[in-house]
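Asker: Work the whole structure out from these sequences, hints included.
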Amino acid sequence: KVNMPERFDGDSKRLALWLAGMELYYRFNGHTFVIEEDRILSAIINIKAEAVAWAELFLTDWLE
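Numbering-wise, the sequence shown is residues 1 to 64 according to our numbering.
Since the hints were derived computationally from the structure, they do not count as laboratory data.
Please read all numbers here as calculations on a predicted model, not as lab measurements.
Careful: at least some of the hints might be erroneous.
[Stated by the list, open to error] Think about it this way: if two alpha-carbon atoms lie no more than 30 Å apart in a straight line, the pair counts; the simulated DSS-like pairs of lysine-lysine are: (1) Lys48 x Lys1; (2) Lys48 x Lys13; (3) Lys1 x Lys13.
Answerer: Structural data, given as structure tokens:
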């Protein structure tokens, strides 16, 4: 099992590393994410601060 990477804080310089960490997490824990929506929600859980703003529209639509 691979652990989820540290929460992403919105620093664009660290985005590629965070995305790579998330991809590894999904590959080694794929059985946990049955549908694409599960992957998106788990990524949203793993972000903080300014990085959360991009997810607002998705969450609003998903919750309706």
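Asker: Each hint: holds or not?
Answerer: Now the hints, each set against the structure:
For a cut-off of 30 Å, the pair hint linking Lys48 to Lys1 stands: about 24 Å separates their Cα positions. Restraint check for Lys48 and Lys13: the C-alpha separation of about 15 Å stays at or below 30 Å, so the hint holds. About 27 Å separates the Cα atoms of Lys1 and Lys13, which keeps this hinted pair within 30 Å; it holds.
Violated hints: none; the structure is consistent with every hint.
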